[in-house]
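With full-length UniProt numbering applied, the sequence shown covers 1 to 270.
Hints listed in this document are in silico derivations from the structure and should not be mistaken for laboratory results. Keep in mind it's a predicted model, so treat the numbers as computed, not measured. There could be a bad hint or two in this list.
What the hints assert, rightly or not - Under the rule of at most 30 Å between Cα atoms (straight-line distance), these lysine-lysine pairs were calculated in the DSBU-like manner:
1. K220 x K159
2. K242 x K150
3. K150 x K135
4. K254 x K60
5. K242 x K60
6. K224 x K254
7. K242 x K220
8. K242 x K224
9. K135 x K224
What the hints assert, rightly or not - Pair by pair, the computed Cβ-Cβ distance ranges are:
10. S67 x P142: 38 to 46 Å
11. E64 x P193: 41 to 49 Å
12. T154 x D213: 26 to 34 Å
13. A230 x S206: 18 to 26 Å
14. D213 x V141: 38 to 46 Å
15. K60 x P193: 17 to 25 Å
16. N139 x A216: 35 to 43 Å
17. P63 x G246: 19 to 27 Å
18. P151 x G214: 38 to 46 Å
The beta-carbon is built from N, C-alpha and C at its ideal position, and this holds for glycine as well.
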Amino acid sequence: MYYFKSTPPQIAATAAAAAVAAFFLLRRRSKDPVAQVPAGQQHHPSAMRNRIPILKALLKLLPESDSFSGPALEIATGTGALMEVVAPAFPYLTMQPSEYVPETAAAPDEQWSKHGKIGLRLGLDELACIDEHCKVFKNCVPAVALDLSKPWPTEVTEKNGSHVLILCANTLHITPWACSVGLLWGAGQALAPDGHLVLYGPFKVSGEFIGADGGAGNAKFDAKLRSTNAEWGIRDVGELEKVAEGFGLALSEKVEMPANNLCLHFTKAS
1 MYYFKSTPPQ
11 IAATAAAAAV
21 AAFFLLRRRS
31 KDPVAQVPAG
41 QQHHPSAMRN
51 RIPILKALLK
61 LLPESDSFSG
71 PALEIATGTG
81 ALMEVVAPAF
91 PYLTMQPSEY
101 VPETAAAPDE
111 QWSKHGKIGL
121 RLGLDELACI
131 DEHCKVFKNC
141 VPAVALDLSK
151 PWPTEVTEKN
161 GSHVLILCAN
171 TLHITPWACS
181 VGLLWGAGQA
191 LAPDGHLVLY
201 GPFKVSGEFI
211 GADGGAGNAK
221 FDAKLRSTNA
231 EWGIRDVGEL
241 EKVAEGFGLA
251 LSEKVEMPAN
261 NLCLHFTKAS
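Go ahead and model the full structure; you've got the sequences and the hints to work with.
See below:
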């Protein structure tokens, strides 16, 4: 794909992401579609590594995109890296990005992951940074502030019972347990019957860390998280499942992902 020299780098990167999403959309029935991840360099490297495996999982877990329509919510959108590939892959979803907005500015060492290169360069806050990345997608609406430990914003709750998808990646292990409960409670309210909740990240299974290394890597990661904040840590799938059941959500599929991560697919009772 070619771009004129005058094309702003964020637009070129976003267009490249859309091209990758379209590629996977066309090949969603393939057992193992392969494409080169565009080097937009506008997001944190970990977000760039994760987004294509997550997209591939979504294309297998969710209904065919040409018949899958309605409101969709991403929780903890970050700088918009995942939204850049999900929005064009599911063009009939109305995508609502969201992000936690702290009362005080992020520490200097956290600015890169929270605001991305565009945010830092243009002096944008969390929500404005997301909007800058996603403004090229007609099915994305402006980002809203969402704190999982508090009541959800009106932009979301006014559509309670009609969301067909809620997506949350790499969040539950770096937030207090109350946020996990808040996410499942809110999803139970927001999702339509047969709606989908997809969680991505590191998880324990039956109280045990998982991975090709016997769980050693995730155990070390968990210890580091808890040393940073005693309320953080890798959550157990069984504990999440029990809480989810109380809110009308059932775990329907558990997908192994790269780097010892999982995709958890919950559905709302019909």
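A quick look at each hint next to the structure:
1. K220 x K159: It is violated: about 40 Å lies between the C-alpha atoms, which goes past 30 Å.
2. K242 x K150: OK: K242 and K150 at ~21 Å, within 30 Å.
3. K150 x K135: Status holds; Cα separation ~27 Å.
4. K254 x K60: Given pair K254, K60 holds - Cα atoms ~12 Å apart, limit 30 Å.
5. K242 x K60: holds (25 Å)
6. K224 x K254: It holds: about 25 Å lies between the C-alpha atoms, which stays within 30 Å.
7. K242 x K220: The given pair, whose Cα atoms are some 26 Å apart, holds under the 30 Å limit.
8. K242 x K224: holds (26 Å)
9. K135 x K224: violated (36 Å)
10. S67 x P142: 38 to 46 Å: violated (26 Å)
11. E64 x P193: 41 to 49 Å: violated (19 Å)
12. T154 x D213: 26 to 34 Å: Distance hint for T154, D213 is violated at roughly 45 Å.
13. A230 x S206: 18 to 26 Å: holds (23 Å)
14. D213 x V141: 38 to 46 Å: Between D213 and V141, where Cβ atoms are some 41 Å apart, the hint holds.
15. K60 x P193: 17 to 25 Å: holds (22 Å)
16. N139 x A216: 35 to 43 Å: Since N139 and A216 have Cβ atoms about 42 Å apart, the given range 35 to 43 Å holds.
17. P63 x G246: 19 to 27 Å: At 26 Å between Cβs, range holds.
18. P151 x G214: 38 to 46 Å: This hint holds: roughly 41 Å between Cβ atoms.
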